[in-house]
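Novice: Protein chains in written order, with the numbering used here: chain Z, 857 to 1160; chain D, 857 to 1160.
Bear in mind the hints are in silico, worked out from the structure with no lab data behind them. Be a bit skeptical, because a hint or two may be false.
Given that identical chains are not distinguished, each listed pair holds provided it fits within a single copy or across any two copies.
Derived SDA-like pairs: lysine to any residue, alpha-carbon spacing no greater than 25 Å straight-line [said to hold, decoys possible]:
#1 Lys-1111 - Val-892
#2 Lys-990 - Thr-885
#3 Lys-907 - Arg-958
#4 Lys-990 - Arg-883
#5 Lys-1032 - Gly-968
#6 Lys-1111 - Glu-969
#7 Lys-1105 - Ala-1116
#8 Lys-907 - Asp-867
#9 Lys-1111 - Arg-1122
#10 Lys-965 - Pro-949
Keep in mind that this is a model prediction, so the values were computed, not measured.
Residue-level listing of the chains:
2 protein chains.
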Amino acid sequence: MTTKPANPTLDAVKAFAERFSRLLDERVTFDEKTPVTLAESIRYSLLAPGKRLRPFLVYQCGALCGANEEACYAPAAALEMIHAFSLIHDDLPAMDDDDLRRGRPTNHKVYGEAVAILAGDALVTLAFETLATKTLNREHIAPLVATLARTAGGEGMIGGQTLDIEGQQSETDNRKPPSLESVRRIHSTKTGALFECACRMGGIVAGADDQTLDRLSAFGLNLGLAFQIADDLLDVTASADDLGKKSGKDAEMGKQTYPASVGIERSRELAKSAVSAAIEAIRGISGDTAGLEALAEFAYRRDR
Amino acid sequence: MTTKPANPTLDAVKAFAERFSRLLDERVTFDEKTPVTLAESIRYSLLAPGKRLRPFLVYQCGALCGANEEACYAPAAALEMIHAFSLIHDDLPAMDDDDLRRGRPTNHKVYGEAVAILAGDALVTLAFETLATKTLNREHIAPLVATLARTAGGEGMIGGQTLDIEGQQSETDNRKPPSLESVRRIHSTKTGALFECACRMGGIVAGADDQTLDRLSAFGLNLGLAFQIADDLLDVTASADDLGKKSGKDAEMGKQTYPASVGIERSRELAKSAVSAAIEAIRGISGDTAGLEALAEFAYRRDR
Chain Z
857 MTTKPANPTL DAVKAFAERF SRLLDERVTF DEKTPVTLAE SIRYSLLAPG KRLRPFLVYQ
917 CGALCGANEE ACYAPAAALE MIHAFSLIHD DLPAMDDDDL RRGRPTNHKV YGEAVAILAG
977 DALVTLAFET LATKTLNREH IAPLVATLAR TAGGEGMIGG QTLDIEGQQS ETDNRKPPSL
1037 ESVRRIHSTK TGALFECACR MGGIVAGADD QTLDRLSAFG LNLGLAFQIA DDLLDVTASA
1097 DDLGKKSGKD AEMGKQTYPA SVGIERSREL AKSAVSAAIE AIRGISGDTA GLEALAEFAY
1157 RRDR
Chain D
857 MTTKPANPTL DAVKAFAERF SRLLDERVTF DEKTPVTLAE SIRYSLLAPG KRLRPFLVYQ
917 CGALCGANEE ACYAPAAALE MIHAFSLIHD DLPAMDDDDL RRGRPTNHKV YGEAVAILAG
977 DALVTLAFET LATKTLNREH IAPLVATLAR TAGGEGMIGG QTLDIEGQQS ETDNRKPPSL
1037 ESVRRIHSTK TGALFECACR MGGIVAGADD QTLDRLSAFG LNLGLAFQIA DDLLDVTASA
1097 DDLGKKSGKD AEMGKQTYPA SVGIERSREL AKSAVSAAIE AIRGISGDTA GLEALAEFAY
1157 RRDR
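Only chain Z is shown next, with the shape it has when bound in the complex (with noise of 0.2 Å):
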């Protein structure tokens, strides 16, 4: 890793990554009822070092709406879990089979197939318990509840890595790019959905109105489809030493991606119209945008 330079909105990400994981190790913590090996399983994956972008965006886009921030923790919380459950599942061998996820060991290379398949299960039941129990305003537990099962579900993000894994078995067969439709359906699904989620429950939890909703989800689907085009240019472009993983494994594995679809330049440039999509919907919003809209930026320059 070489040394980088100061960068605000890195050293704020950073910053809350830190506090929120705090709070998690805290917070989601299980008595003699839960099945100890399942509680260690879940919380090594829940409490596995992380950007917290997801809960990030919760609170930042909460704070923009007016929320308290103590109002944010239930739905932050519960999109993590939501978040930890899905990179369980998609390491599994029947999935991308993964033994390494940020350079430690995956979850069933741990503890076993059949506990990692249970500790994600048990992860998305502890989501929505989390928002039936710990959200602070009774009010927004029925919308919180719904955005966060569409946009996690067959609709969302396990819709997309149900088309991801399909892609790739077809891709075998036939050597063809992937369709940019295609792609884009897969990345609007698997990654934009939860920061749309995010973005929107920041909304809910501050009590904004429909319009506001509306382009705080656009700005959390643009945001994640840049997001996941970097992921994509990194596979290509970085070193396994700064990935924490394998690179060029996305090619081997023939998964479809915006550098396979369109190649590298072309990719680049509709990363960066997914950002300026998304600074324009959150523009929309009265109060101080500055801090979304440099993480935008972020979300495509990062460097892993």
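Starting from the structure of chain Z, add chain D where the hints point.
Specialist: Coordinates of chain D only, in the frame set by chain Z:
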């Protein structure tokens, strides 16, 4: 299959199962936002022939406490989605590794492991989306989500499945009979928890008071326990033809069952005690409890 004498409880359960399956078939549909294979895989398992006992309990307990029939649909459908998810994941190669379920190929034999895992995941999010968007009285959404998440999660069904899997693994190393305490914990969580959930959710949509909800929970938990002991006994005593799956499989896999722990006769006695405890709990509720009492007897006396 031999012809059985008419049984009013069995007839009521069967008639309900047909009606409810038709409702699910009509209402749980997907548009082009959900990948086609995922939608098919979800419907394959959710609409598979089944007793629909958990939804039946929601409607029966709801009716006992004065709920509008249509108010029972959302919790009943959500619960059946959670049940279907659990069957898909339990059947996976990393779990019980079953090729057949009620005489039909299991989900992963038809759609592959990756899609089966994702279809299970999507059924969980769909269950909570159903509660958040189809519950008639918005006041009931938070307690319904909290109840379903708690009873399905790490303290409930998913926790029970974890203990079951771990028990089988340690059993293989060391063939001592499982302790009654350990089997009781597995059955109370793995099966009892969702039966508890069904009965409590029926009470919630009826606006029942806390004492009544607790009675309904106790009824459901004991009913589930009796049902699961009966299942253990059937695995030992029934033919594969009657079960729609291989019999004797529990012992072969070293599963922690009541007969393996305390023998057939004592298991029968304990099932009867659970039925009595269920009946005692429900009798504390004013109203006509005869149908639910008959159901408790049926759960134990059923022959498949």
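Novice: So, against the hints stated earlier in the document, which numbers end up violated here?
Specialist: none
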